[in-house]
Each structure stands twice: as structure tokens, then as C-alpha cells.
Amino acid sequence: MAEATIQPGSDQREPKAGPAVPRGQTGRAAAGAAADARPAAIDVRGVSKCYQIYKHPSDRLKQALTRWKKKYYREFWAVRDVSLTVRRGESVGIIGRNGSGKSTLMQMIAGTLNPTEGSVRVNGQISALLELGAGFNAEFTGRENVYLAGSIRGLSRKRVNELYDRIVEFADIGDFIDQPVKTYSSGMYVRLAFAVAAQVRPEILVVDEALAVGDVFFQQRCHKYMREELADTTKLLVTHDLNAVANHCDRALVMHKGRVAFEGEPLDAIAFYTKIVHNAQFGGDKAPGTGAKSPPQGEVLGANSGGTAGALDESLPWVEVPADKLGGAGDVVIRRVALADSNGEPVRAIQPRDAFACYFEIDVATPKQDLIFGVVMNDRFGNAVFGDNSLSKPKVALACPEAGTYVVRMDYAWPEVRPAEYTATFGIGEGKHAHHHTVQCWAHNVVSVTGIAPQRPVHGMFTNPVKDVRITRVG
Numbered sequence: 000m001a002e003a004t005i006q007p008g009s010d011q012r013e014p015k016a017g018p019a020v021p022r023g024q025t026g027r028a029a030a031g032a033a034a035d036a037r038p039a040a041i042d043v044r045g046v047s048k049c050y051q052i053y054k055h056p057s058d059r060l061k062q063a064l065t066r067w068k069k070k071y072y073r074e075f076w077a078v079r080d081v082s083l084t085v086r087r088g089e090s091v092g093i094i095g096r097n098g099s100g101k102s103t104l105m106q107m108i109a110g111t112l113n114p115t116e117g118s119v120r121v122n123g124q125i126s127a128l129l130e131l132g133a134g135f136n137a138e139f140t141g142r143e144n145v146y147l148a149g150s151i152r153g154l155s156r157k158r159v160n161e162l163y164d165r166i167v168e169f170a171d172i173g174d175f176i177d178q179p180v181k182t183y184s185s186g187m188y189v190r191l192a193f194a195v196a197a198q199v200r201p202e203i204l205v206v207d208e209a210l211a212v213g214d215v216f217f218q219q220r221c222h223k224y225m226r227e228e229l230a231d232t233t234k235l236l237v238t239h240d241l242n243a244v245a246n247h248c249d250r251a252l253v254m255h256k257g258r259v260a261f262e263g264e265p266l267d268a269i270a271f272y273t274k275i276v277h278n279a280q281f282g283g284d285k286a287p288g289t290g291a292k293s294p295p296q297g298e299v300l301g302a303n304s305g306g307t308a309g310a311l312d313e314s315l316p317w318v319e320v321p322a323d324k325l326g327g328a329g330d331v332v333i334r335r336v337a338l339a340d341s342n343g344e345p346v347r348a349i350q351p352r353d354a355f356a357c358y359f360e361i362d363v364a365t366p367k368q369d370l371i372f373g374v375v376m377n378d379r380f381g382n383a384v385f386g387d388n389s390l391s392k393p394k395v396a397l398a399c400p401e402a403g404t405y406v407v408r409m410d411y412a413w414p415e416v417r418p419a420e421y422t423a424t425f426g427i428g429e430g431k432h433a434h435h436h437t438v439q440c441w442a443h444n445v446v447s448v449t450g451i452a453p454q455r456p457v458h459g460m461f462t463n464p465v466k467d468v469r470i471t472r473v474g
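Counting in numbering that gives the first Met the number 0, the final residue of the sequence shown is number 474, and the numbers go up one at a time with none missing.
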């Protein structure tokens, strides 16, 4: 797949795709090669959508009267020059920030919106769930809307009768099936909408954020159905759920400012997307793969691994710590922190067993002995999920023999935790025991990282790997 040249934060208007990079024929790459031999289910060529934005309502009338002699509007291009081919049976994810053009593109593919420029060709029956829009009539009951949706999709009444019980069972909305849709909650609405869209077995299924509305049990049922029953269906999935992209999609696109900024493997797309999301937080818009600056070297005063960790490096993705996030005695103060991979790139999306490093830049007011450094990862509710400190590696005493600025590096491997967004809290203590020491500084929830688990599900908050399994006949 080619990668476009637009980078996060760039104002560049016309991305240019580079030459395709050969991939090894294993896993998803092999599946992608097989998909390329299939006919195109969706073919989008140079599609753009422009809206006319008027400052005042009266300007619309002026524009109508003067025709094109004068412009009373400004142009807003929601989508600009997008090309995309989805092969039959392929599953493609589209991710991007709010306002990046994802939903507009989906509406043009679904046929509910006409493009300003370019063409869209759809080869096959398409069923679209666009946010909360499913083509239902709010005055009709759920039952009536099932038959309406079936007729719109070209199904006979006899065929809808055959599918009806399965649709109602999947939707699981009880007696509300005979109530007007306008009385439904958003969750009930999307339950029925997905049940209809999925049970009619479309050749192409387009889902735009619709599954974000239902409860967790319904979401699980939908994902299982797409994975098993709709395995051969062409799927176009627009979502902010990065794990859904990692688990369901053969490849993924990142939309940014109305354009395709990246196209490639799902995990690569997730990393690129999270770089866009966290761009302001990490300061700057360094592109993936750019060379790191030569770091000025500092004296290594203590390292549990015995290596050269501790060299100062201004090219790291440093984040300034605001004063309102700090706490503690204050003889040692955390000024900046960073999460980076082995190449010094920001860690934004990470998988179990991936290595990463946590960096502290600290100011020390007076000489300190027996310092303790630790990092804790918190979930979105503020619960501490996992973490560790330097006392677990007591090989070398960690000390700052004089006042000054120091950099601390701690190396970790990401555990098998539930896929979610996590924030990192950095801490420094002084003492020799985990339960009896002075807290010098805490920097609360200063950087975030997205944990993903594309290989296997995580049950509960984390996975406790099975050490051994035995079966013995006893009778």
C-alpha cells in the first residue's frame, strides 16, 4: 500500500502517494495480495465534496439573484481528492479525528450525498448504517420499519417474513417492536438498524460509528456476528474504536483534513492516527521515520541494567508538566516526561509485550540518596491498573549527588491489559522501602497511550497467562 505524504499538523493540500512497498506474503499481507485479484466492490476516484458557507442567511438570496457574478460564500471542502478501492470480501477501516471527512465520504459511498467532483462506483447491494441514520420512518413501528427496510433493499415480503424472527431476536428490544420508532432510545434504534442491515446479508456493509451507541453486550454480539456470519461480506467500518479496526480490518485509512493521509496495515494506521490526535500534546509534527537529533551526552550516575541509559536527548517527545499536576515535598521536581519506543518515537498505540521507555527530566534542589522512581498507568476512570518502581531492580543505588537537572529512564514491556486509553502518572520517592519513604514529587496523568490487543481478547482488566494445561482420565 502507498503512504500519502501529508503529515499530522501539515497544511499541505495535495498528498502524493509514493510507490507501493513490497510486503512479505504472510498474514494480512498475503490476504491483501489475494484480495487484489478480486473485483472491486467499491471504487472511488478523485472524490471531493464542497459546501458553500454563507455568513448571513440573506447572502443566499443575493447569490441566487446575481448568479455567479459575485461570490457571497466561502468554500469549505469536507472531502478533497479521495481515491479508494475496496475489493470484494475485503474489510477496510477508516479512522480520523472529528471533522476529518469520514462521515461525508461514507455518505457519498452509500449514495445519500452527491460528490462535487469525482465518481463513486458500487458493485453490489449495499447496506449502510450512517451514525444513527438507517432510513427508518419515525412514525412507523419497528415491525413496519423492518418490512420497509426490506423492500428498500429489494427483498420480497415472503423473504422478509423468513428473516423477521431472526431480526427481532437479534435486536432484542422486546415489545417495543410494535411501538413507533420515535419512542425508541438511541440504543434501541441502532439495535434494530443493525439487526436489519446484518440479517439481510448485504454484499457490502457500511457502518459509520453506529455501534458506539449500543451497550457493551450488544456491541459484543455485533462484532461476533461481523467476524463470523459476515466474514465474506465486503465491510467498510468507520469508527473511533481502534481495537475494532485492529481486529476486523484487513487494512485501514486515516482521514485528515478531508484527505487520505495514510493507507496501510491496521496497526500502522492506528499508530499514525494516534500521532495526529496527540500531536499538540507531544509538541511538533515530526513525521514517522525522521532521523533523531544527535543527543548531547550526560554522565550516567546509576543504571540497574548497567547500560548507558540516561543520556540527554532533546529529540524525545518531551511533555512539559503543568504545575497543577504536581504534588509532593518538592525537593525533587518533575519538569518534563516522555514515553518513547526504542527509536525515540512517541508511544501512542501499543500492543502487549511491546517495549517502551518512560523518561523523567527532574530538577534536584539538594543532594539526594536512595531515590525511588515509578510509573503507574491509570484507566479512564482514574483507577491505577498497573505500574512498578525502581525498587524491583535494586542492583544500583539511584542518587543525585549534587543539585542540578537529571534525566531518568525506566524501561518497560506493555502487559496484557484490556484495550483502552491509559494515562501515565510519574512519581519520585526518597527512601529504601516501598511503604516507608518520602514522596518527593508526583506528576498526575500527564501523558496518554492507547493499548490495543489485536491478537487475542483480554478477559477482565488484564490477562493472567496460563502456565500449563493438563487433562487426566480418572475413570
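Hints are computed from structural coordinates only; laboratory data are not their basis. Please read all numbers here as calculations on a predicted model, not as lab measurements. Beta carbons: idealized from backbone N, C-alpha and C, even for Gly. Heads up, some of the hints might be wrong.
Pairs of lysine-lysine residues, derived as DSSO-like cross-links and limited to a Cα-Cα distance of at most 30 Å, are as follows [what the hints assert, rightly or not]:
(1) Lys392 with Lys466
(2) Lys181 with Lys223
(3) Lys54 with Lys70
(4) Lys181 with Lys157
(5) Lys223 with Lys157
(6) Lys324 with Lys392
(7) Lys223 with Lys466
(8) Lys431 with Lys392
(9) Lys69 with Lys54
(10) Lys54 with Lys68
(11) Lys324 with Lys223
Listed next, with one range per pair, are the computed distances between beta-carbon atoms [unchecked claim]:
(12) Glu138 with Glu227: 33 to 41 Å
(13) Pro179 with Thr65: 44 to 52 Å
(14) Asn136 with Arg44: 32 to 40 Å
(15) Arg200 with Glu420: 45 to 53 Å
(16) Ser391 with Asn444: 39 to 47 Å
(17) Glu168 with Glu420: 32 to 40 Å
Okay, the hints, checked on the actual structure:
1. With a C-alpha separation of about 24 Å, the suggested pairing of Lys392 with Lys466 holds against the 30 Å cut-off.
2. Our distance criterion of 30 Å between C-alpha atoms is met by Lys181 and Lys223, whose separation comes to about 28 Å.
3. Restraint check: the Cα-Cα separation between Lys54 and Lys70 comes to about 11 Å, which is no more than 30 Å; the hinted pair holds.
4. The hinted pair formed by Lys181 and Lys157 meets the criterion: a straight-line CA distance of about 27 Å does not exceed 30 Å.
5. Our distance criterion of 30 Å between C-alpha atoms is met by Lys223 and Lys157, whose separation comes to about 28 Å.
6. Distance check on the hinted pair: Lys324 and Lys392 sit about 27 Å apart at the alpha-carbon level, within 30 Å; holds.
7. Distance restraint check for Lys223 and Lys466: the Cα-Cα separation of roughly 28 Å lies within the 30 Å cut-off, and the hinted pair is therefore satisfied.
8. For the given pair, Lys431 sits about 12 Å from Lys392 by alpha-carbon distance, which is consistent with the 30 Å threshold.
9. As the CA atoms of Lys69 and Lys54 are separated by approximately 14 Å, the hinted pair is consistent with the 30 Å bound.
10. About 18 Å separates the Cα atoms of Lys54 and Lys68, which keeps this hinted pair within 30 Å; it holds.
11. Proximity of Lys324 to Lys223 is assessed by CA-CA distance (about 41 Å); at most 30 Å being required, the pair is judged violated.
12. Between Glu138 and Glu227 the C-beta distance comes to about 35 Å, which sits within the given range of 33 to 41 Å.
13. For Pro179 and Thr65, the Cβ-Cβ distance of about 45 Å falls inside the hinted range of 44 to 52 Å, so the restraint holds.
14. For Asn136 and Arg44, the hinted distance range of 32 to 40 Å is satisfied, since their beta carbons lie about 34 Å from each other.
15. Take Arg200 and Glu420: their Cβ atoms lie about 35 Å apart, and the range 45 to 53 Å is violated.
16. At about 22 Å, the CB distance of Ser391 to Asn444 disagrees with the hint of 39 to 47 Å.
17. With their beta carbons about 34 Å apart, Glu168 and Glu420 fall inside the hinted range of 32 to 40 Å.
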